[in-house]
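K.L.:
Here's the letter readout for the chains.
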Amino acid sequence: MSLAANILEGIIYGASLGMLYVLVALGLTLIFGLMEVVNFAHGAFVTLGAYLGISFLDLTGNFWLSMVLAGVVVGVLGLAIERTLIRRLYGEEPIYQLLLTFGLALLLEGAVILTYGQDNQLLSAPALLQGSPVPVGPATVPQYRVFLILFTGVLVAGIWLAIQRTKLGLIVKAGIEDRERAQMIGVRLSRVNMLIMAVGAGLAAVSGFLSGPLLGVSPQLGTGLLIVSFVIVVIGGLGNIRGTIISGLMIGILFSLTSFFYPSLANPVIYVAMAVVLLVRPEGLFGGVGS
Amino acid sequence: MESETDADMMGRVLAPLGADDYSTQISKARDSGADAVWAATVGADSIKLVKQAVSAGLTDEMEILVGVVGNSVGEALSDEELGSIYGGANFYWTAEGSGDFSDEFRNDVGNPPEWWAASAFDATMEALTAVDENDGSVANADIRPYIEEREFSWSRPDTSWRSCDHRAVQPYYLLEGNPSGSDSGEYWSIIDDTGGEAIMRSCENTGCGL
Numbered sequence: 001m002s003l004a005a006n007i008l009e010g011i012i013y014g015a016s017l018g019m020l021y022v023l024v025a026l027g028l029t030l031i032f033g034l035m036e037v038v039n040f041a042h043g044a045f046v047t048l049g050a051y052l053g054i055s056f057l058d059l060t061g062n063f064w065l066s067m068v069l070a071g072v073v074v075g076v077l078g079l080a081i082e083r084t085l086i087r088r089l090y091g092e093e094p095i096y097q098l099l100l101t102f103g104l105a106l107l108l109e110g111a112v113i114l115t116y117g118q119d120n121q122l123l124s125a126p127a128l129l130q131g132s133p134v135p136v137g138p139a140t141v142p143q144y145r146v147f148l149i150l151f152t153g154v155l156v157a158g159i160w161l162a163i164q165r166t167k168l169g170l171i172v173k174a175g176i177e178d179r180e181r182a183q184m185i186g187v188r189l190s191r192v193n194m195l196i197m198a199v200g201a202g203l204a205a206v207s208g209f210l211s212g213p214l215l216g217v218s219p220q221l222g223t224g225l226l227i228v229s230f231v232i233v234v235i236g237g238l239g240n241i242r243g244t245i246i247s248g249l250m251i252g253i254l255f256s257l258t259s260f261f262y263p264s265l266a267n268p269v270i271y272v273a274m275a276v277v278l279l280v281r282p283e284g285l286f287g288g289v290g291s
Numbered sequence: 001m002e003s004e005t006d007a008d009m010m011g012r013v014l015a016p017l018g019a020d021d022y023s024t025q026i027s028k029a030r031d032s033g034a035d036a037v038w039a040a041t042v043g044a045d046s047i048k049l050v051k052q053a054v055s056a057g058l059t060d061e062m063e064i065l066v067g068v069v070g071n072s073v074g075e076a077l078s079d080e081e082l083g084s085i086y087g088g089a090n091f092y093w094t095a096e097g098s099g100d101f102s103d104e105f106r107n108d109v110g111n112p113p114e115w116w117a118a119s120a121f122d123a124t125m126e127a128l129t130a131v132d133e134n135d136g137s138v139a140n141a142d143i144r145p146y147i148e149e150r151e152f153s154w155s156r157p158d159t160s161w162r163s164c165d166h167r168a169v170q171p172y173y174l175l176e177g178n179p180s181g182s183d184s185g186e187y188w189s190i191i192d193d194t195g196g197e198a199i200m201r202s203c204e205n206t207g208c209g210l
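So the protein lines, in turn, are chains A and B.
The opening residue of the first sequence carries number 1 in the working numbering; numbering runs sequentially from there.
The opening residue of the second sequence carries number 1 in the working numbering; numbering runs sequentially from there.
One or more of the hints may lead you astray.
Derived contacts from chain B toward chain A, CB cut-off under 8 Å, selection only [stated by the list, open to error]: (1) Met10; (2) Gly11; (3) Arg12; (4) Asp21; (5) Glu63; (6) Gly67; (7) Val68; (8) Ser72; (9) Ala76; (10) Ser78.
Here's a subset of chain B near chain A, in silico, CB distances under 7 Å, partners left out [unchecked claim]: (11) Thr124; (12) Leu128; (13) Ser180.
These are computed hints drawn from the structure, not numbers from a lab.
Predicted model, so just to flag it, every value in this text is computed and none were measured.
Glycine included, each C-beta is placed from N, C-alpha and C at the ideal position.
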């Protein structure tokens, strides 16, 4: 295979991984942007989504329906957590939110281990996407990777359009821009908080389920994705939706290409990139909240 | 390795521990022209590698052997993935000579033991036996002469301690994925066994001399 084909493959493979990161990071950045909560329980939503999806798959035998059900159930759980726990801490010191969400993460991960055990679980791509890899220019790419890019791309584009073009999106943007001013002009942010928490948790769950055929499903699945997602949110700018999408793709591709040329640097390069951005542009490449 | 196996090493590629993406390693393996890949991965990394290698069609072009596997890897793979690969382990519960330990373990825990359970059991039993035979002394100096060159078979046969570095000399089983064995917990079939000091780095080679 030529170098150009290898690089193209690295970019496509990196993009498929990056889009999974984007789904997780989008929820994180929306929740932070709107509620100013750094949600450490977000990784647990990812894990929970993967495990619940497997249970739904056992029940229904339908991959797509299971993905939707996992997203909806975890979304409702996120909503309930926001209503019963997180809302009590709005305006409080960040340490309380950190302790609460970190505790929730441990609790949810523990519940997964108690229910499903520590062992890795089987989750395969749907039969429709298990065929031979497809040629993309000089590269060949597994069908599931192509699906991941297309499906998550449509999902992310839909969220982007909803935020840019709808009244609700306008309210979300207003809340992210200036929470107090939005409330002063009569915007009821408490309902929007609920919705964003549900959407963020649901996206995390979908990401967890879709990760399964690629990464396997273990109780630590969400933790791994969460750490990289935090890096993406920091690089893209806390609360910046466009920045999160672009930096998610960048990190996925950076990891994939570094892994090809300098494998031992593939993991550190992500954190080096974050450190450089923090030093040069502390608000993130695309600016922070409100940018 | 090449001189001992009559094999030509076509290349070597590293992957970061805990990596999510193995696409570049898969590409390099494909480009190498090798007949087989030895994957020195464990646990979740092995699962991710095999899933991605099978979906990329690599197993249609070459054999893949994952150096250390067990049921925890097997049960996370689909029938197609499991049926496409080979594995290796220093313990597998169906091996000859491991029946008593495996039966006891299954009775107590409910599922077959993994290699780490067997290793932990061996180490514990050896330490307790050494202390017992040394009148209850737990001093290193007292235990040391006892275990050097000692042979034992708590969880598997043909096991001993090597005196120059106190490493366990163990069997090594070559395994083949067994898609039909998921119901019985036999995710792997033993197709050959080797092991012993012949497959270990010598103490001269590692520089260890206790």
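K.L.:
Under the criterion of a CB-CB separation shorter than 8 Å, is B:Gly11 in contact with chain A as hinted?
P.N.:
Since the shortest Cβ distance to chain A is 12 Å, the answer is violated.
K.L.:
Take the shortest C-beta to C-beta distance between B:Ala76 and chain A; is it under 8 Å?
P.N.:
holds, 4 Å
K.L.:
Just to be careful: measuring from the Cβ of B:Leu128 to every Cβ in chain A, is the smallest value less than 7 Å?
P.N.:
Cβ of B:Leu128 sits 26 Å from chain A, so the hint is violated.
K.L.:
Hold the hint about B:Ser78 up to the distance rule: shortest CB distance to chain A must be less than 8 Å.
P.N.:
Status holds, d = 4 Å.
K.L.:
Would the stated hint for B:Met10 survive a check requiring a Cβ distance to chain A of less than 8 Å?
P.N.:
violated, 14 Å
K.L.:
Hint check: is the beta carbon of B:Asp21 less than 8 Å from a beta carbon of chain A?
P.N.:
Interface hint status for B:Asp21: holds (5 Å vs cutoff 8 Å).
K.L.:
Against chain A, run the beta carbon of B:Thr124 and see if the smallest gap drops under 7 Å.
P.N.:
For B:Thr124, the interface hint is violated, since the closest Cβ of chain A sits about 20 Å away, which is over 7 Å.
K.L.:
Is the interface hint for B:Ser72 satisfied, with its Cβ closer than 8 Å to some Cβ of chain A?
P.N.:
holds, 5 Å
K.L.:
Take the shortest C-beta to C-beta distance between B:Ser180 and chain A; is it under 7 Å?
P.N.:
Hint violated; B:Ser180 Cβ to chain A Cβ min 15 Å, cut 7 Å.
K.L.:
Answer holds if the nearest beta-carbon of chain A is closer than 8 Å to that of B:Gly67; otherwise answer violated.
P.N.:
violated, 17 Å
K.L.:
Answer holds if the nearest beta-carbon of chain A is closer than 8 Å to that of B:Arg12; otherwise answer violated.
P.N.:
Because about 10 Å separates B:Arg12 from the closest Cβ in chain A, which is outside the 8 Å limit, the hint is violated.
K.L.:
Hint validation: B:Val68 versus chain A, beta carbon distance must be below 8 Å. Holds or violated?
P.N.:
violated, 14 Å
Of the numbered hints stated above, those contradicted by the structure are hints 1, 2, 3, 5, 6, 7, 11, 12 and 13, listed in ascending order.
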